[in-house]
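Participant: What follows is the residue order along each chain.
Protein chains: 4
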Amino acid sequence: MNTTRPLRLAMVGGGPGAFIGAVHRTAALMDGHYVLVAGALSSDPAKCAEGAAGWGIDPSRAYGSWQMMLQEEASLPADERAEVVSIVTPNHLHHEVAIAALDAGFHVACDKPLTTSSERAAEVAAAVERAAAKGVRFLLTHNYTGSPRVREARELVAKGEAGPIGTVRKVYVEYLQGWLATDLEASGQKQAAWRTNPELNGPGGSLGDIGTHAHNLAEFITGMPITAVQGTRRAFVKGRPVDDDAMALITFENGADGTLCCSQVCVGRENGLAIRVFGTKGGLEWHQEHPNDLTIYSADGGAVTKRTGNGYLSPLAQSSGRVPPGHPEGYLEAFANLYTDLATSIRSGEPLPAHLPSIEAGLRGVRFIEDVIASSEG
Amino acid sequence: MNTTRPLRLAMVGGGPGAFIGAVHRTAALMDGHYVLVAGALSSDPAKCAEGAAGWGIDPSRAYGSWQMMLQEEASLPADERAEVVSIVTPNHLHHEVAIAALDAGFHVACDKPLTTSSERAAEVAAAVERAAAKGVRFLLTHNYTGSPRVREARELVAKGEAGPIGTVRKVYVEYLQGWLATDLEASGQKQAAWRTNPELNGPGGSLGDIGTHAHNLAEFITGMPITAVQGTRRAFVKGRPVDDDAMALITFENGADGTLCCSQVCVGRENGLAIRVFGTKGGLEWHQEHPNDLTIYSADGGAVTKRTGNGYLSPLAQSSGRVPPGHPEGYLEAFANLYTDLATSIRSGEPLPAHLPSIEAGLRGVRFIEDVIASSEG
Amino acid sequence: MNTTRPLRLAMVGGGPGAFIGAVHRTAALMDGHYVLVAGALSSDPAKCAEGAAGWGIDPSRAYGSWQMMLQEEASLPADERAEVVSIVTPNHLHHEVAIAALDAGFHVACDKPLTTSSERAAEVAAAVERAAAKGVRFLLTHNYTGSPRVREARELVAKGEAGPIGTVRKVYVEYLQGWLATDLEASGQKQAAWRTNPELNGPGGSLGDIGTHAHNLAEFITGMPITAVQGTRRAFVKGRPVDDDAMALITFENGADGTLCCSQVCVGRENGLAIRVFGTKGGLEWHQEHPNDLTIYSADGGAVTKRTGNGYLSPLAQSSGRVPPGHPEGYLEAFANLYTDLATSIRSGEPLPAHLPSIEAGLRGVRFIEDVIASSEG
Amino acid sequence: MNTTRPLRLAMVGGGPGAFIGAVHRTAALMDGHYVLVAGALSSDPAKCAEGAAGWGIDPSRAYGSWQMMLQEEASLPADERAEVVSIVTPNHLHHEVAIAALDAGFHVACDKPLTTSSERAAEVAAAVERAAAKGVRFLLTHNYTGSPRVREARELVAKGEAGPIGTVRKVYVEYLQGWLATDLEASGQKQAAWRTNPELNGPGGSLGDIGTHAHNLAEFITGMPITAVQGTRRAFVKGRPVDDDAMALITFENGADGTLCCSQVCVGRENGLAIRVFGTKGGLEWHQEHPNDLTIYSADGGAVTKRTGNGYLSPLAQSSGRVPPGHPEGYLEAFANLYTDLATSIRSGEPLPAHLPSIEAGLRGVRFIEDVIASSEG
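Residue numbers (our numbering), protein chains in the order written: chain G, 15 to 392; chain Y, 15 to 392; chain U, 15 to 392; chain P, 15 to 392.
Hints in this document: simulated from the structure, not taken from any laboratory. Among the clues, some could well be false.
Pairs count within a copy or across copies, as identical chains cannot be separated in the list.
Below, a list of computed lysine to any residue pairs in the SDA-like style, where the Cα atoms sit at most 20 Å apart [claimed, not checked]:
#: 1; residue 1: K173; residue 2: G315
#: 2; residue 1: K148; residue 2: R95
#: 3; residue 1: K252; residue 2: T294
#: 4; residue 1: K252; residue 2: T181
#: 5; residue 1: K204; residue 2: Q332
#: 6; residue 1: K61; residue 2: D72
Construct the entire structure; sequences and hints are all you get.
Facilitator: Pasting the structure below:
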C-alpha cells in the first residue's frame with residue numbers, strides 16, 4: 015500500500031451556506047491526506063449539485079441522499095470508492111448516518127455533539143464497536159483538541175506531580191459567544207435557524223453547540239471525567255425553544271472542581287473558548303482566539319508563554335504543528351490535525367491514538383447536556 | 015474653614031509587617047488631603063512605637079491601645095485632635111473599634127469585610143446611623159471601586175438601554191490568587207496566619223478576604239444587588255479551618271445571572287480580580303492587574319479599549335484620575351480616590367457620594383459570606 | 015472550462031528538510047484550488063524521490079532536474095501537464111527557473127526575494143512581460159500581504175483623508191527573529207546554511223530573508239514606494255559572510271518617513287514582523303504573531319481591535335478569510351490567499367488583482383537590498 | 015536627627031493648570047518623606063496664591079518669585095526652612111533656578127531636560143559640583159528609571175554574560191505620543207504652548223520633552239553611553255518652530271546599536287515609551303503603559319513575564335515597590351521612588367545611589383538633543 019496516497023473522502027451535509035462542512039473539507043485537504051470524491055451535500059438536489067461543482071466533485075458522485083451515497087459508493091471498486099465519510103449535518107442526523115456508514119464499512123468523522131440523546135448515543139456506540147471489530151474507525155471532531163497548545167496542556171497535566179502543574183485542583187472553562195444575543199433565527203440565518211430548533215439540534219442549544227466543546231476540552235486537558243455538574247440553563251432571547259446560555263459548577267473524578275460557562279448572548283464576544291487549570295504546583299491558561307500562546311504559571315517563576323514550534327514542547331505538540339516558531343496556526347490547522355491523525359491511523363492500521371476524541375467523548379458530551387438540563391430543572 | 019487644610023488621621027492597626035495599614039497610609043497621604051497624626055498601630059507597645067517612629071507620628075500620639083487613642087484624641091483641642099480614624103486591624107476588631115470611634119465622633123474609614131457576622135454588622139450599622147445624624151461619616155474601603163475604569167464601567171452600565179451595555183444579562187466576576195496554595199500559615203507569615211484563623215478573620219477565609227471584593231465589584235458596576243447565590247466553598251490545604259476557595263452561581267435583582275469565583279490556591283495567579291458584564295447591547299471587561307484598560311464590546315464595532323485621562327470618559331472617571339492619557343495609575347491611586355472623596359465630603363458637608371462604598375456595602379458583604387457558607391453546607 | 019477544477023501544480027525545490035516548499039504545498043492545497051502533480055524537489059535524486067512519495071506525486075513526474083521537468087511537462091497533453099510552477103529553491107536559482115518556466119508558458123509562483131541582483135531581476139521582469147502577453151501570470155509570494163488584516167490595513171490607508179488613518183506620516187516596520195543569534199550554520203542546519211551563503215542567498219542575509227518582507231509590507235499597506243533609505247547592516251556573528259541585522263531610516267514618496275529594522279539575532283524573538291502606520295487622522299498596528307487582530311487608533315475614540323470575519327471589514331478583508339469571527343487563521347491561510355487569488359485570476363482570465371504582489375514588488379525588493387547595502391557602505 | 019521626619023519641600027513652578035508640578039508634589043508626598051512648605055508656583059501672583067491655597071501651603075510662604083523664595087527660605091531657622099527645592103518650570107528656567115538654589119544650599123530635584131544648551135548645562139554642572147562639596151544633592155527627575163521593572167531590567171543587563179541577557183547587541187527604544195498631531199498650541203493649551211516655543215523649551219521639541227526620556231532609558235538600562243547618533247528631526251505640523259518628531263540610528267559604547275524614535279504626531283498613541291534590549295543570551299521588553307510587566311526572552315525557554323513584588327526580582331526592584339504581587343503601580347509610584355531615594359540619601363548622608371539620575375544624565379540628555387539636531391542638519 016502506498017502509505018501516502020490521499021484517502022478518498024465523502025461528505026454528508028455541507029451544502030452551500032453551511033459553515034462546518036467547508037471547515038471539514040479544508041481541514042481534510044490541507045495536509046494532502048484526503049481528496050474529496052463524493053458528497054450528499056444537501057437534501058435539495060440543486061444545492062447538492064451546486065456544492066459539488068464548487069468543490070470539484072464529479073457530478074456522478076454528487077448524490078441526492080446520503081442513503082444513496084453510501085449504497086453507490088459501497089458498490090464501487092475498492093480502489094475508487096470513498097473510504098472515509100464526514101458527517102457534517104445538523105445534529106439530529108448524526109445518529110442515523112453514522113450507524114449506516116459504519117455498518118457499511120466506511121470510516122467516519124462525525125461532527126459534535128454525537129447525537130441528541132443518550133439512547134441514540136448508545137446506539138451509535140454499538141455501531142462503533144461493531145465497526146471497530148472490522149478495523150473501521152470513528153472520530154468525533156472535537157476540533158479544539160487538535161490545537162498544539164491544547165495537546166501540550168494535556169501532556170503537561172498528564173505528568174502529574176512530576177510536571178509543572180501537579181495534581182489538578184481547579185478548572186475554569188468557558189465558551190462565550192455573542193452571535194445569538196438577538197433573535198437571529200427570525201432573520202432566516204441558516205446556522206441560527208437549525209441550532210435553535212430542538213428537532214434538528216437536540217434539546218441543548220448553547221449546551222450542544224459550544225457547551226460540549228468546553229466540557230470536552232476540560233476533560234481532554236485534565237485527562238479526567240467530570241463526575242458532577244450543578245448548573246442552570248436558560249434562553250435570554252424570548253421565545254427561543256433551546257438554551258442560549260448555561261453555567262455549572264463542576265466536579266472532577268479526583269475531587270478537583272470549577273466552573274463551566276457557555277453563552278451565546280455575550281454581545282461582542284466572538285468565539286471565546288478558554289480554559290484555566292490550576293494544580294498543586296502551577297497553572298495553565300489557553301484562549302482559543304489567541305491559540306498560539308499557552309501560558310504556564312508557577313509559584314515563583316513568573317508567567318511563561320509557550321509557543322508553536324519550539325523544542326521545549328512535548329513531542330505530541332511538536333508533531334501537531336506545521337511551521338517554525340512564530341508562524342501562527344489557527345482554527346483550521348487544529349481541525350486538520352484530527353483528520354491527519356485519522357489518516358495516519360487508517361494507513362498504519364494502528365488504533366486511534368488516545369489523544370483523538372472518540373465515541374467515548376461523544377457519549378460523555380451527550381450525557382453532559384442531559385445532566386445540565388436535569389440539574390437546571392431539578 | 016480652610017477647605018484645603020489636610021485632615022488629621024489616626025490609624026488603628028497597621029504596625030510593622032502589616033500590609034493593608036501601609037496601603038491606607040499611602041492612599042491617604044498621596045493627594046495631600048490627610049496628615050497622619052496618631053496611631054494605635056499594634057497591641058505590642060514596642061511595635062507600636064517602632065511603627066509610629068517610622069511614619070513620623072509624634073511619640074506622644076503613639077497609643078498603646080485603640081481605646082486609649084480614642085479617649086486621648088477626643089480630649090485634645092478641636093484643632094489638634096484626629097478627625098478621621100482608619101481601621102486596618104484583622105476583621106474581628108472592626109466591629110468594636112468602628113462603633114467606639116463613631117460614637118466618639120470620629121469619621122471612620124474601615125477596611126473590609128465590615129465584620130465577622132451579620133449580627134455584628136447590624137450593630138455597626140446602628141452606630142453609623144447614630145453618627146450620620148451628627149454629620150459623622152463612615153467609609154468601607156472596597157478600594158477597587160476607586161479605579162477610574164471601574165467607575166467608568168459603573169457609569170456606562172447605569173445608562174441602561176441608552177448606553178453601550180444595555181440591560182445587564184450576564185456577569186462573570188472572579189478573584190484568583192495563589193499565595194495560599196500551600197500551608198503558608200505554618201511558616202508564621204503574618205498575613206496568612208490571621209487570615210486563616212477564624213477567630214481573627216471570621217468564618218469566610220477566601221470569601222472574606224477576596225470574595226467580598228468580587229461581590230462588591232459586581233454589585234458596584236451593575237448597580238444591582240445579587241439576590242441569590244448557589245455555591246460551594248472548601249479548603250484545599252489540609253487542616254485549614256477556613257475556606258481557601260469558593261465559587262457560586264449568582265443571580266441579580268433584574269434576573270441577570272453569572273458566576274462568582276474566588277480562590278487563593280490558583281498557583282501563580284497574583285491578584286486576579288476581573289469582571290465581565292454583558293448586556294443586551296454590549297459588554298465590558300476589566301482586569302485589576304492591568305487596571306488602566308477597560309474593554310468595551312459591541313455587536314458590530316470590534317473591541318474598544320478605553321484608557322485613563324481621555325475626554326471620552328465620564329466626568330466621574332475623568333475626575334478619578336490624576337494624570338494625562340497613557341500615564342498608568344494602579345492599586346494605590348484607586349485606593350487614594352476613596353480617601354480623597356471622603357475628605358471632599360467631610361470638608362463640603364455633603365453626604366458621601368453614591369459611588370463611595372458605605373455601610374450598606376458592608377452589610378451586604380457580610381451577608382454574602384454567610385449565604386455562600388449556607389449554600390455550601392445546604 | 016470547469017471553473018472549479020483544481021489547477022495542476024509543479025514544484026521546483028522543497029525536498030525533505032526544506033521549510034518553504036512544504037508551506038507552499040499546504041497553501042496551494044488548502045482551499046482545493048490545486049493538485050500537486052509534479053516536482054523537481056531536489057537535485058539529489060534520492061531526496062527527490064523520497065519527497066515526491068511523501069507528497070503523493072507519481073514517481074513518473076518526480077523529476078531529477080527542473081530543466082527536465084519543464085521539458086517533460088510541456089510535452090504532456092494540455093489536460094495533463096502542470097499549469098503552475100512554484101519556485102521554492104534557494105534564491106540564486108529563482109532567476110533561471112522563473113525565466114525558463116515563464117518562457118515555456120507555465121504560470122509561476124516564485125518565492126521572494128525575486129533574485130540576487132537588480133540585473134537579474136530585470137531579466138526576470140522581461141520574461142514576465144513576454145509571458146504576460148501570452149496570458150501567463152507571475153506571482154511573487156510575499157505571503158504576509160495575504161493576511162486579511164494586512165489587506166484591511168491597506169484598504170483603510172487607501173481611503174486617504176476620507177478614511178480613519180488620513181494621510182500617512184509615520185511608518186515603523188520591523189521584522190525581528192532570533193534564530194541566527196549564534197553560528198547555527200556551523201551545525202549544518204539546512205536553512206541556516208544556505209541563507210548565510212551569499213552564493214545561494216545573494217548578498218543580503220537578513221535583508222533578503224526578512225528585510226524584504228518588511229519593505230514589501232510597508233509599501234503594500236501604505237500603497238506608496240519607499241524612495242530613500244539611510245541605513246546600516248552588519249553581521250553580529252563572527253565570520254558570517256552576510257548580514258544578520260540591518261536597520262534604516264526610510265522615506266516614502268509622499269514625504270512620510272519612519273524606520274525599518276530587521277534582525278536575526280534578537281534572541282527569543284520568533285517571527286516578529288510588525289508594522290505601525292500613523293497618519294493625520296489615526297493609526298494602525300499589526301503584529302504577524304497575533305495576526306487576527308488589527309488595532310486602529312484614533313484621536314478620541316480609544317484603540318479599536320478589528321478581527322476576522324466581521325461585517326465591518328472591507329470586502330477584500332472579508333473575502334480573504336474562511337471562517338466566522340473568533341476563529342483564528344494564521345500564516346498558512348494568509349499564504350493560501352495568494353495561491354487562491356492566483357487560481358481565480360488564471361481561471362477567470364482577469365489579470366492579477368492589484369493586491370497581489372507581482373514582479374514590481376520583486377524588482378523593488380531587490381533594489382531595497384542593494385540600497386541598504388550601498389547606504390551601509392557609503 | 016529623626017531619620018523619619020518628613021523633609022521640607024519648596025517648589026518652583028507648578029501653578030494651576032501645570033501638569034508636572036502636581037506630579038512632583040504627589041510623588042513627594044506619597045510615601046510621607048516630604049511636606050510641601052513653600053512655593054513660587056507662578057510668576058502670576060494670583061495664580062501663585064491660588065495654587066498655594068489649593069496645596070495647603072501657608073500664604074506667608076507662597077512667594078511671588080523664585081528669587082524671593084530662595085532668599086526668604088534661606089533666612090528661616092534651620093528647622094523651619096525648606097530643605098529641598100523642586101524645579102518644575104519650563105525648561106529655560108531650570109538653569110538659573112538650579113544654580114541659585116544649589117548655591118544657596120538647597121538640595122535640588124530638577125525636571126528634565128536639564129536645560130536648553132550644553133553651555134548652560136555645564137554651568138549647572140559646575141554648581142552641582144560646588145554643592146556636592148557641601149553635601150548638597152542634585153537629582154534630575156528622569157522618572158521612568160524609578161519603575162521597579164526598569165530597575166530590574168538594568169540589574170539584569172548589568173550581570174553581563176552571567177545574566178539572562180548577556181552582552182547587549184541591539185536596543186530599540188521609542189517614545190510615541192499623538193497629542194501634538196495637530197496645531198494644539200494655537201488653542202492656547204498651556205502645555206502645548208510652552209513646549210512648542212523654543213524660547214521656553216529649548217531647540218528640541220519632541221527631542222527635549224520625550225526624546226531625552228528615551229535616550230536616558232536606553233542608557234540607564236544598558237548601563238552604557240550612546241556614543242553616536244545618525245538621525246533626523248522635523249515638524250509635521252506646519253509652522254511649528256520645534257520638532258514634533260525625530261528618529262535616529264544609535265550606537266552604544268560597546269558597539270551595540272539600534273534605533274531611537276520619538277514622536278508627538280502618532281495619533282492615538284498616548285504615552286508610548288517602550289524599550290527592547292537584546293543581547294547574546296536573551297532579551298527584555300518593557301512598555302511604560304503597562305509598566306508592571308517585564309518580559310524576558312531566552313533562546314529556549316519561551317517568554318517570561320516578571321511582575322511586581324515577587325521574590326525572584328533583584329533587591330533593587332523589590333525595594334522599589336510598595337505592594338505585593340499583582341497590585342499594579344504606575345507612573346506616580348515610579349516618580350515617587352526618585353523622591354524617596356533622594357530623601358534616603360539626604361537623611362543618611364550617603365551620596366545618591368548609582369541608579370538615581372544625576373547631573374551626568376542631564377549633561378548627556380542635552381548633548382543628545384544637540385547631536386540629533388546636528389545630524390539632522392548635517
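Participant: Could you run down the list of hints and mark each one as holding or not?
Facilitator: Structure-based check of all given hints:
1. K173 / G315: For K173 and G315, both the intra-copy (19 Å) and inter-copy (19 Å) Cα distances are at most 20 Å.
2. K148 / R95: within (17 Å within a copy, 40 Å between copies)
3. K252 / T294: between (44 Å within a copy, 12 Å between copies)
4. K252 / T181: between (43 Å within a copy, 14 Å between copies)
5. K204 / Q332: Between copies, since 19 Å is at most 20 Å while 38 Å is not.
6. K61 / D72: Within one copy only: 14 Å inside a chain, 34 Å across chains, cut-off 20 Å.
Comparing the model with each earlier hint shows no violations; every hint is respected.
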